[in-house]
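Generate the whole structure from the sequences, applying the supplied hints.
Number of protein chains: 2
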Amino acid sequence: MKTRFTTLFGVSFPLMSGGMMWISKAPLVAAVANAGGLGVLTALSHPDPEAFRKEIQATRALTAQPFGVNLTLLPTLKPVPYERYLQVALEEGIDIVETAGRSPEPFMPLLKAKKVKVIHKCTSLRHALKAEALGCDAVSIDGFECAGHPGEEDIGGLVLIPRVTKALQIPVIASGGFADGRGLVAALALGSEGINMGTRFLLTKEAPLNEELKQKLANAQENETSLIFRSLKNSARVYDNEQAQAILRLEAAGKGIEEIAPLASGLRGFKAYQSGDDQHAVLTLGQVVGLIDDIPSVEELIQRIMKEAKSLIQERLTRLL
Amino acid sequence: MKTRFTTLFGVSFPLMSGGMMWISKAPLVAAVANAGGLGVLTALSHPDPEAFRKEIQATRALTAQPFGVNLTLLPTLKPVPYERYLQVALEEGIDIVETAGRSPEPFMPLLKAKKVKVIHKCTSLRHALKAEALGCDAVSIDGFECAGHPGEEDIGGLVLIPRVTKALQIPVIASGGFADGRGLVAALALGSEGINMGTRFLLTKEAPLNEELKQKLANAQENETSLIFRSLKNSARVYDNEQAQAILRLEAAGKGIEEIAPLASGLRGFKAYQSGDDQHAVLTLGQVVGLIDDIPSVEELIQRIMKEAKSLIQERLTRLL
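Heads up: the sequence lines are chains A and B, in that order. Using this note's numbering, the final residue of the first sequence is 333, and nothing's skipped along the way. Using this note's numbering, the final residue of the second sequence is 333, and nothing's skipped along the way.
Just to be clear, a hint being listed does not mean it is correct.
[To be verified] Straight-line alpha carbon distances no greater than 25 Å define the calculated BS3-like cross-link-like pairs of lysine-lysine that follow:
id: 1; chain 1: B; residue 1: K245; chain 2: B; residue 2: K90
id: 2; chain 1: B; residue 1: K228; chain 2: B; residue 2: K245
id: 3; chain 1: A; residue 1: K245; chain 2: B; residue 2: K245
id: 4; chain 1: B; residue 1: K14; chain 2: A; residue 2: K322
id: 5; chain 1: A; residue 1: K217; chain 2: A; residue 2: K283
id: 6; chain 1: B; residue 1: K127; chain 2: A; residue 2: K178
id: 7; chain 1: B; residue 1: K322; chain 2: A; residue 2: K14
id: 8; chain 1: B; residue 1: K322; chain 2: A; residue 2: K319
id: 9; chain 1: A; residue 1: K66; chain 2: A; residue 2: K129
id: 10; chain 1: A; residue 1: K226; chain 2: A; residue 2: K37
id: 11; chain 1: B; residue 1: K14; chain 2: B; residue 2: K129
id: 12; chain 1: B; residue 1: K14; chain 2: A; residue 2: K319
id: 13; chain 1: A; residue 1: K14; chain 2: B; residue 2: K319
[To be verified] Chain A stretches covered by chain B per the calculated footprint, using a threshold of three residues with CB under 8 Å from any CB of chain B:
id: 14; segment: 155 to 167
id: 15; segment: 187 to 200
Honestly, the hints are just simulated from the structure, not real lab data. This one's a predicted model, so the numbers in the text were calculated from it and none came from an experiment. From the three backbone atoms N, C-alpha and C, an ideal C-beta is built for every residue, glycine too.
Set out below in structure tokens:
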């Protein structure tokens, strides 16, 4: 399948595995690349820029296909040396960068000078238009259903995706709520050039988390997520476990970031992924988990999605006419 | 275009104009029927069952095509004689009924005995499965984006629609977030047999509301709705105007239904539709308003949607393969 996404990034299929903290490491990203999709390594899953450099090299050892890196610009308690992570990526020849969170504006001169293709992930028309104006090559637009940060406007993908695709000239990647060929065809019908999936790739053989935890999450339903951090104006959709409920109680009691943030520490999430503890850490999860009930390999998954999408277009949709 | 929806209801196109209080009257419903879609009259827009009988007769005078009636079973301050409205519909030969709100269970024996085709509108997989088990002929599933009552689980249509279409045997109509051919094709790709639109039909020439108000609402954006009544566990998506903000302030202050409900009285809404007052009544509105910017006739709208859908399938989607 050829779209402006596949042409721009030099991949076979209009599928992207967006950056997932602790998860988007060499084995998963290389598997996505080898299966014909676009994978991105998360820079900040590494303790320092040199560890990140080793992960880029490890990925390159596993695939000859294009892949990118994710740089998520979010409020953090201690400052992050974003420039150094980015410099390492450039030194290692990375030419696709997914930015998320705050505006990529400060990094655009460098990125454009190095001819890097920039995908900015955002959650509103306003920010998508801004990203286009800044010179981004594509935007990935996240609807309300998505895992992680959906913004504060709560616009469902069915409305947000066609709104943004119609307003922008650059390719738009649909994100949030996608897991299968049905979603891919829907996203293409809504004007996007491909889909960005997180939760679906989290629940694949190559994702680096405890196998029992994977199976538990694959069994979760669409109504088992909750939005934490709304009171901090930094909403995040996560698995609705004991930890999320504890955070929501603190928010309801009017507590501030100092008391709430420690419960959501990244290190706690990292440990939970290793140990399989499904109740005592914040685990990012999208509503689309309700459409997922197996743990395929990345290759099986991508082949299945493309086969389903083709058959939907050639058979179901064409026959309706 | 032929789907299980068009076959079941004997209409030309897989498009439905769901029941809108005060709006779904003879001129709009007949226009939808004459244009090849399925329109439904709202029973409770009439002060008594005999006034409703006259509206059914007025609709029949305007069209020879099938149309139905909507019976919304919601908590009300004074009891509504639902059975008498239903009896009038049956006496007038109505054989398509859209139920919404509470379960249609008490009415199913009568409806099935009279061979009425029942569409139950609901907002969760659980209620959709229940409707199928009760013998409903179709369900219309409303995602989080929708105008009016999205339920309390907040599942976006991109996830809810494929979840429900896969689990049910009966035809599923996708509702919430649809206004154009892109949405129709997306809904069909997600497994539904057609789309149910409210806000889009509200903003047509035949809808009985003040013309200036129509234009104001057509200019509204996707982030200009709000969810009121969440604290009453009866969430409703409405235009984010002064009245909605006043209600949200009462809810934030912990006020109960006695203080909140009068601000949302139906009569106030009815008067606002007549007068064009866009700030001092609750006006039901979906996020899809952000995709709407004109006031076509129903015939123009339906032709445009079908043309766009066909071209999307035959050109854009087919060429990607």
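25 Å Cα cutoff - pair K322/B, K14/A:
With Cα atoms ~20 Å apart, K322/B and K14/A stay inside 25 Å; holds.
Sort out whether K319/A lies within 25 Å of K322/B, counting only the CA atoms.
Measuring from Cα to Cα gives roughly 22 Å; hence the hint holds.
Within 25 Å, alpha carbon to alpha carbon, are K14/B and K129/B?
Between K14/B and K129/B the Cα gap is close to 18 Å, so the pair holds against 25 Å.
Taking only the CA atoms, is the gap from K226/A to K37/A under or equal to 25 Å?
Holds, at about 16 Å.
Would the hint linking K127/B and K178/A be met if the CA-CA limit is 25 Å?
44 Å, violated
Verify the proposed pairing of K14/B with K319/A, using a straight-line Cα cut of 25 Å.
24 Å, holds
Given hint K245/B paired with K245/A - CA-CA distance at most 25 Å:
23 Å, holds
Mind taking a look at whether chain B covers the segment 155 to 167 of chain A? Criterion is 3 or more residues with CB to CB distance under 8 Å.
holds (count 6)
With a cut-off of 8 Å between beta carbons, are at least three residues of the segment 187 to 200 of chain A near chain B?
holds (count 10)
CA of K217/A to CA of K283/A, is that 25 Å or under?
OK: K217/A and K283/A at ~19 Å, within 25 Å.
Take a quick look at whether K14/A and K319/B sit within 25 Å of each other, Cα to Cα.
Holds: K14/A and K319/B sit about 24 Å apart, inside 25 Å.
Restraint status (C-alpha distance of K66/A to K129/A at most 25 Å)
OK: K66/A and K129/A at ~22 Å, within 25 Å.
The structure shown violates the earlier hints numbered 2, 6.
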